[in-house]
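Peer 1: Top line first, the protein sequences correspond to chains A and B.
Using the working numbering, read the first sequence as starting at 1 and increasing by one per residue.
Using the working numbering, read the second sequence as starting at 1 and increasing by one per residue.
Check the hints yourself; a few may be wrong.
[Claimed, not checked] Chain B side only, calculated, beta carbon under 7 Å to chain A, not exhaustive:
{"no.": "1", "residue": "Gln11"}
{"no.": "2", "residue": "Gly14"}
{"no.": "3", "residue": "Glu18"}
{"no.": "4", "residue": "Phe21"}
{"no.": "5", "residue": "Thr29"}
{"no.": "6", "residue": "Leu33"}
{"no.": "7", "residue": "Glu48"}
{"no.": "8", "residue": "Gln52"}
{"no.": "9", "residue": "Arg88"}
{"no.": "10", "residue": "Val137"}
{"no.": "11", "residue": "Phe140"}
Hints are computed from structural coordinates only; laboratory data are not their basis.
Bear in mind that the values here come from a model prediction, so they are computed numbers and not experimental data.
Glycine included, each C-beta is placed from N, C-alpha and C at the ideal position.
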Amino acid sequence: MFNDEEIELTDAERAAFTALPRERTPSDLLEGRVMNALKSRGFLSPVSRRKSRFAMIALRSAAAILIFVAGALTERFVSDRNAKGETAPVQPVRTAQMELWI
Amino acid sequence: MSDTDKALIAQIAGDGSEAAFRELFGRHTPRLLQFVMRILGSSAGDAEDVVQETWLRAASALKDFRGDSSFGTWLCGIGLNASLEQLRRGTRRSREESLGDMDLPGRSSHTDERMDLDWAIAKLPPGGRSVLVLHDVEGFTHDEIAGLLGIAEGTSKAQLFKARRTMRALLTRQEIEENVQ
Numbered sequence: 001m002f003n004d005e006e007i008e009l010t011d012a013e014r015a016a017f018t019a020l021p022r023e024r025t026p027s028d029l030l031e032g033r034v035m036n037a038l039k040s041r042g043f044l045s046p047v048s049r050r051k052s053r054f055a056m057i058a059l060r061s062a063a064a065i066l067i068f069v070a071g072a073l074t075e076r077f078v079s080d081r082n083a084k085g086e087t088a089p090v091q092p093v094r095t096a097q098m099e100l101w102i
Numbered sequence: 001m002s003d004t005d006k007a008l009i010a011q012i013a014g015d016g017s018e019a020a021f022r023e024l025f026g027r028h029t030p031r032l033l034q035f036v037m038r039i040l041g042s043s044a045g046d047a048e049d050v051v052q053e054t055w056l057r058a059a060s061a062l063k064d065f066r067g068d069s070s071f072g073t074w075l076c077g078i079g080l081n082a083s084l085e086q087l088r089r090g091t092r093r094s095r096e097e098s099l100g101d102m103d104l105p106g107r108s109s110h111t112d113e114r115m116d117l118d119w120a121i122a123k124l125p126p127g128g129r130s131v132l133v134l135h136d137v138e139g140f141t142h143d144e145i146a147g148l149l150g151i152a153e154g155t156s157k158a159q160l161f162k163a164r165r166t167m168r169a170l171l172t173r174q175e176i177e178e179n180v181q
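Extracted from the complex, chain A is given alone in its bound form (with noise of 0.2 Å):
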């Protein structure tokens, strides 16, 4: 049906080919066009979702630390407390209130 010698390209049309470009730049509405595509199927985050998301977790971290540190100084002024003795007079209260209600 054909022969080879006469499919062959010429070196001339060869080099035309291969100087083909290979890229088109697109329109400036395309990328915009394909996002707005993309989102509405769910297969992209908001930008704002994901920002948010983000902060929520820095707002949580944040909040677990403080309440850790909260509670490792109140540890810390309790103990210091009873170290001093501050605790003491409470004890001749509390005897002291039992004999008057006995």
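Based on the hints, put chain B in the right spot on chain A.
Peer 2: Here is chain B on its own, set in the frame of chain A:
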């Protein structure tokens, strides 16, 4: 596949990162658009519709991308299928109308051999054009083309033969007409 592509794909698959997708889009769309335009033999406007469809399909199949080939090649494969479906549906404007809109030069106004060649490729029948673009422009083998287009290898060779013959005739006729003018 480049490490950058791999990292971008991981980000998109992980949390649907829009920034990563925009980066991937910017890297691969110019090549995809040029490829789709040649397969369709059509204007940039028509080709951009197919490019959009290609990205939508690619996004939904991104998790299945194994990286056996480069991301660009994988994407062009999806673009090829989308283009062929578009041609089969016949929803694009007639070839003559499209050629009128193309920013390729007219036969009498060309000044650049590359433009002549793109003009001649666009004038080929869709089947032969697909094979010629894949073989002579993109460098695929007949075996690969047969797999991509779902045809026999011999059919790919025959289509290429006819396409080259038609292309030569178009370019020769164009040359003669120019000399007459």
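Peer 1: All the hints need checking, so say for each whether the structure fits it.
Peer 2: Hints, one by one, checked against the model:
1. Residue-level restraint check for Gln11 of chain B is violated (minimum Cβ-Cβ distance to chain A is 11 Å; threshold 7 Å).
2. At its closest, the beta carbon of Gly14 of chain B sits 10 Å from a beta carbon of chain A; the interface hint therefore is violated under the 7 Å criterion.
3. Hint status for Glu18 of chain B: holds, given a least beta-carbon distance of 5 Å to chain A, under 7 Å.
4. Satisfaction of the interface hint for Phe21 of chain B is found here, the shortest Cβ-Cβ separation to chain A being roughly 6 Å, below the 7 Å cut-off.
5. Restraint check, Thr29 of chain B versus chain A: the minimum CB separation of about 5 Å is within 7 Å; hint holds.
6. About 5 Å separates the beta-carbon of Leu33 of chain B from the nearest beta-carbon of chain A, less than 7 Å, and the hint is met.
7. Given the 7 Å rule on beta carbons, the hint for Glu48 of chain B holds: about 5 Å separates it from the nearest Cβ of chain A.
8. With its C-beta approaching chain A no nearer than about 5 Å, Gln52 of chain B sits inside the 7 Å limit, and its interface hint holds.
9. Residue-level restraint check for Arg88 of chain B is violated (minimum Cβ-Cβ distance to chain A is 22 Å; threshold 7 Å).
10. With a least beta-carbon distance of about 6 Å to chain A, the hint placing Val137 of chain B at the interface is held under the 7 Å criterion.
11. A least Cβ separation of about 13 Å between Phe140 of chain B and chain A goes past the 7 Å threshold, and the interface hint is therefore violated.
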